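**Student:** Listed below are the residues making up each chain.
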Amino acid sequence: MLKEGYVRIPSGCAISGIIDRTGRLFSGQSIADSIATMHDRSNGLGGGFAAYGIYPDFKDYFAFHMFYDDLIAKQETENILKANYIVALEEKIPTRKTAHIKNAPLIYRYFAIPRPEKLKLSELDENEFTIKFVFNINSNIPGAYVFSSGKNMGVFKAVGYPEDVANFYKLESYKGYMWLAHGRFPTNTPGWWGGAHPFNLLNISVVHNGELSSYDTNRKYLEEFGYICTLQTDTEVAAYIFDLLLRRHGLPIELACKVVASPLWKQVERMSPKEKILYTNLKIIYGRALLNGPFSMIIAYEDGFVAINDRIKLRPLTAAKKGDMIYVASEESAVRQVCKNPESVWIPRGGEPVIAELIRDNEKEMYSTKEVTA
Amino acid sequence: MSLSYLTPEFKVLRDYDKCINCKVCMRQCSFEVHSYDEHLDKMISNDMNCVNCQRCVVLCPTQALTIIKHPQTFKEHANWTYDAIRDIYRQAETGGVLLSSMGNDRPYPIYWDKMVINASQVTNPSIDPLREPMELRVYIGRKLDKIEVDENLNVKTKMPPQLKLETPIMFSAMSYGSISYNAHAALARAAEELGILYNTGEGGLHEDFRKYGKNTIVQVASGRFGVDREYLNTAAAIEIKIGQGAKPGIGGHLPGEKVSEDISATRMIPPGSDAISPAPHHDIYSIEDLAQLIYSLKEATDYQKPVGVKIAAVNNVAAIASGIARAGADYIAIDGFRGGTGAAPKRIRDNVGIPIEFAIAAVDARLRSEGIRHTVSLVAAGSIRNSADIVKAIALGADAVYIATAALIALGCHMCQKCHTGKCNWGIATQDPNLVKRLNPEIGYKRLVNLVQAWSHEIKEMLGGMGINDIESLKGNRLMLRGIGMTQKELDILGILAAGE
Ligand code: SF4
Ligand code: SF4
Chain A
1 MLKEGYVRIP SGCAISGIID RTGRLFSGQS IADSIATMHD RSNGLGGGFA
51 AYGIYPDFKD YFAFHMFYDD LIAKQETENI LKANYIVALE EKIPTRKTAH
101 IKNAPLIYRY FAIPRPEKLK LSELDENEFT IKFVFNINSN IPGAYVFSSG
151 KNMGVFKAVG YPEDVANFYK LESYKGYMWL AHGRFPTNTP GWWGGAHPFN
201 LLNISVVHNG ELSSYDTNRK YLEEFGYICT LQTDTEVAAY IFDLLLRRHG
251 LPIELACKVV ASPLWKQVER MSPKEKILYT NLKIIYGRAL LNGPFSMIIA
301 YEDGFVAIND RIKLRPLTAA KKGDMIYVAS EESAVRQVCK NPESVWIPRG
351 GEPVIAELIR DNEKEMYSTK EVTA
Chain B
1 MSLSYLTPEF KVLRDYDKCI NCKVCMRQCS FEVHSYDEHL DKMISNDMNC
51 VNCQRCVVLC PTQALTIIKH PQTFKEHANW TYDAIRDIYR QAETGGVLLS
101 SMGNDRPYPI YWDKMVINAS QVTNPSIDPL REPMELRVYI GRKLDKIEVD
151 ENLNVKTKMP PQLKLETPIM FSAMSYGSIS YNAHAALARA AEELGILYNT
201 GEGGLHEDFR KYGKNTIVQV ASGRFGVDRE YLNTAAAIEI KIGQGAKPGI
251 GGHLPGEKVS EDISATRMIP PGSDAISPAP HHDIYSIEDL AQLIYSLKEA
301 TDYQKPVGVK IAAVNNVAAI ASGIARAGAD YIAIDGFRGG TGAAPKRIRD
351 NVGIPIEFAI AAVDARLRSE GIRHTVSLVA AGSIRNSADI VKAIALGADA
401 VYIATAALIA LGCHMCQKCH TGKCNWGIAT QDPNLVKRLN PEIGYKRLVN
451 LVQAWSHEIK EMLGGMGIND IESLKGNRLM LRGIGMTQKE LDILGILAAG
501 E
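Top to bottom, those sequences are chains A and B.
Throughout the first sequence, residue numbering follows this note's numbering, covering 1 to 374 in sequence.
Throughout the second sequence, residue numbering follows this note's numbering, covering 1 to 501 in sequence.
Mixed in with the good hints there might be a few duds.
Simulated DEER-style distance windows between Cβ atoms [to be verified]:
no.	chain 1	residue 1	chain 2	residue 2	range
1	B	Met268	A	Ser122	55 to 61 Å
2	B	Ser369	A	Lys120	26 to 32 Å
3	B	His457	A	Arg96	54 to 60 Å
4	A	Ser272	B	Asp128	29 to 35 Å
5	A	Ser122	B	Arg385	47 to 53 Å
6	B	Asn152	A	Gly44	48 to 54 Å
7	A	Ile359	B	Ser369	43 to 49 Å
8	B	Ser296	A	Lys132	41 to 47 Å
9	B	Asp113	A	Lys132	40 to 46 Å
10	A	Lys274	B	Arg210	30 to 36 Å
11	B	Ser369	A	Lys322	49 to 55 Å
Simulated from the structure, these hints should not be mistaken for lab results.
Keep in mind the model is a prediction, meaning the values are calculated, not measured.
Ideal Cβ placement from N, Cα and C applies to all residues, glycine included.
For reference, chain B alone in the conformation it holds in the complex:
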């Protein structure tokens, strides 16, 4: 192969006054950046391989390491940027589709940050959540139009199956395969402790985690990995995955080398074989086909479990969501274009789909105008970064949110965006047993519990400030939001007023 034109993206700075040649960095870096030079008797680095995951930085016992963005630049060009040029080098070298992971990293506007939240002053007392009751519990599922009771107040109507969440947060789909066994163990256990749910993703449900069934949503995706009767019936709910925010319209591919014995058993495919998820479900080419799958799954589980549908936020999301609601889904999860992924073609990740803020607002408005909003639950996903994002998502019309990237960051992810390499130094997006064991599920689950509890406290504080003591009263309460720095059109789509109005 000809000379690579690529230069290092990051530079490893080693303070030799501090370095004690302990070789921790060498053992920790799966990208093989660090090595020990016997002649020089010192540690040296191959900057070329560094992805800035900061594993070595955090573990270096003397804090001798710093990773910086490599100072090497091109002649400045506003159009032909650093990334634009390097992507071309890469593709000219390999002839391949560029792969990336985690969510869209381009500088699109983040509408969460252009919305601010209301608080009460004088006319309406704010509520102190430490002294007064504050309810965060939500139920996900199809709601009835009305209740019917007999004269003795026995309920005559039958409630469709619901998922009970003690706080309006769930862990979004991440398959066993894309993330490690230990990561799944931490998510499942945290979900149980928090009274919420985690989602297995499309990679099947490992035997060891069946005991968390009450807190598990299982996915049925186009590859149908690991789907059998027991899988469906173990879970609390079933989610049909149509699309994913990071790669709408695209399937998935887990290379054969990652399909270990354990993953093969969980996915129900031969070890070492590629696990391919086709772009569409080949039994769903239209909305009526989706309805059939929804009802097949309901039949298979005796109408005891909610069946949801997850779609990527795309241009026509409102109409699609309305179709899904009418097709019988109990909830609709909408994944915005900043949603994460274990691997996606970079161009798709960075250019396809729409922001979740608009998608939720548009879907909620459409379902309301059709008078069916209350019959289906909406889950917002695709880059929820903190509790304020959650408050805004619910005020725009979501019933709950899914978080995934945030959960991984809690587990130690440093957003190096190299999940697709399978070399995650933090033991998250890898199947290498030596790396996986770096993630201690015992510690990991506690970190997840801490994160969700901290966010729940913050949500309560914000609700109290608004003079609300039940999260139900925030749903679709767009009067609680104001926009800053948006066009009138953007405000109209979000259905909110400008700050000061």
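One chain only, chain A, in its complex shape:
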């Protein structure tokens, strides 16, 4: 059977996300408990987590998490890595033997910063430089895969049920301010670890439940901007679109959400003249970045996360709030498992994002105006 990347595999899924908007760190146990509640939404063929704020000691270093099939892949990757980066620390990612996680590849992490002379020569900023590095390893070194490349954050994923993945990676020993989780139900899969979620690039991580009917349109649009979609997964495409919109085009998160789940033309028609101009422009310019088909997804970036549905809400998504904690999940049970008495629980409408960011001085209003009470 072909490895993911050579074949497209539709999946159903469970997703969950938790953030403490004050930036307080909390252990990965909560997210593991939350996603475990939705055991039946996945089938043991993929689970994973993204954790933000877990590497404060190395917060200025890119934290590369790698899967290697063998030592040759490791060697080749390290040659390229060390030629381009100063590596402050390299180590095996600590794991624990568990009954349900089998066939683990070699799993390493590196904290690294680009070599100044290489960076200068490339005429790129360090993010672009790192993206190029990641694309290079993932498309050119057989058996090597960079599955996490952000700063002060990391992705942990495997083939297995999410609760087993959490146990395998000793998730309870990490402390972060924001966590995402994913349990996967692929319709068929060769069981490749890289194909599990979250999908990450730099500081953007995506967990996703759904199937993009617009996949090929989105992929081709991204390729024009230099993105290489090696995995053929919807999640990869979604992550790159957010990277393009947020980082490269500098759009505020609210607008990025209005690109991937754009208002309908008949809604635009009813808007104020100023909004009409904005949304008409947005739809015309970014028509091919619209994510079409059923999905609920959580996209985490440095400042927080956004949870969003396709514009006609064909997949489940529930949100809840308690104090400075924001919870989102496929099912309400996953929230209530870890937050006994939420102040409010609501079901966001199709295309209406739930944006939960760290509290800052110039704080944005949390977007929950069009909620439906759960």
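With chain A held as given, fit chain B with the ligands onto it using these hints.
**Tutor:** Structure of chain B with the ligands alone, referenced to chain A:
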């Protein structure tokens, strides 16, 4: 002149039990097939002249008429076919270039029919367009790389001019001259009603139709007929016509006898003079010359209107299209080798150019690989026969399609391929006032509206089936297509997988 070796191509069968000698057929047939024999007291026919346009068949009040392919055959020969032999007779008689009209009628493979469309099952719910929103609107024009907004969300970038289409279909260029006033009236009005555009072709814009300006694309072709400042500024967009799928590399010729007072005024040439469109534009011998014309037209219209370029699909279409995009065109219309025409040399029509399916796939892929696909719109033309062809064209990479032959068929064209004779019995490809009035624009426009609406409904159904609710998400979505009965090479060029893969 010596004896003609040609025998009739069609045979008129008249059921004399039904014929009531009403002479309707006689009055309707501009090819003078039917006549009344007083001695016999019955209608007789001259099969030799019949082109099988079926006008008489449809209008005969007693359904007494049937036209069949003439049973007369040659000794069978796989190489020297009926057409091959007859074409030689014709040319030996006249010494002339064979003329024909409408599109290439040879049995080349039709790649639309070798592609099938995807639908959702289980993992992805299909969408019912009658219950859920389904968006077909597209904008044709140059798109920006990105939007820029200030902190109050005011848009700082300036959008280049766009054409808004409520459905991704436009009526392709057909000049006043090649088709009738009434045909133009029907097309213009239908375009307005449908929120789409029609294209004047290269014959100028009749005064009466200036009021449809918002729904009009005007052409600037090598003859420059009817082009003045008002013409350009009346229209919603300007299209530079370089070539046409039915006759790539060939100019046009409207004989003087068709240049009536009205056509002379519209084309801005003296009545009765031949209207010649040279093969190339004599001010465009290279891509930089094209860029100059594009920008001259933009200057003339104050950068308020998209300027597109129409080319025929030829071998090197991908590179040419890339050059056109870089020369500043807002859209590129590509006309495949099955595209129609009012008159073309038969050998050119049947042998020059490539199928639109390949051309669109190749151009889209080239522009993407150069990272400029999103800066220009692509319009596919050259035999779009139904809504499924449109879905496939867009999935291959088009932003919208042009239809022309299909529109004429909606108006009553019976594909007799005799447009060049000017005797169109259906009032479409003629300037004869008695024939023109057979086409009622009031009815014609409604038929066009019906056709496009029916196709739009079908497109929505197919999109819904794929789990898509916006036509934007179909653009270049080649994963939605699968090929049947193609070679690997053909699949690769189309950029699609085989069915079952
Ligand atoms: S040319 Fe047309 S109208 Fe005349 S006889 Fe033939 S089918 Fe009838
Ligand atoms: S437009 Fe008229 S002449 Fe031309 S093919 Fe159609 S029916 Fe025949």
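**Student:** Compare the structure with each hint and give your call.
**Tutor:** We went through each hint and held it up to the structure:
1. B:Met268 with A:Ser122: 55 to 61 Å: Given a distance of about 59 Å, which is inside 55 to 61 Å, the answer is holds.
2. B:Ser369 with A:Lys120: 26 to 32 Å: holds (29 Å)
3. B:His457 with A:Arg96: 54 to 60 Å: holds (58 Å)
4. A:Ser272 with B:Asp128: 29 to 35 Å: Given a distance of about 32 Å, which is inside 29 to 35 Å, the answer is holds.
5. A:Ser122 with B:Arg385: 47 to 53 Å: At roughly 51 Å between Cβ atoms, Arg385 (chain B) and Ser122 (chain A) fall inside 47 to 53 Å, so the hint holds.
6. B:Asn152 with A:Gly44: 48 to 54 Å: holds (49 Å)
7. A:Ile359 with B:Ser369: 43 to 49 Å: holds (45 Å)
8. B:Ser296 with A:Lys132: 41 to 47 Å: holds (42 Å)
9. B:Asp113 with A:Lys132: 40 to 46 Å: holds (44 Å)
10. A:Lys274 with B:Arg210: 30 to 36 Å: holds (33 Å)
11. B:Ser369 with A:Lys322: 49 to 55 Å: 50 Å Cβ-Cβ, so the 49 to 55 Å window holds.
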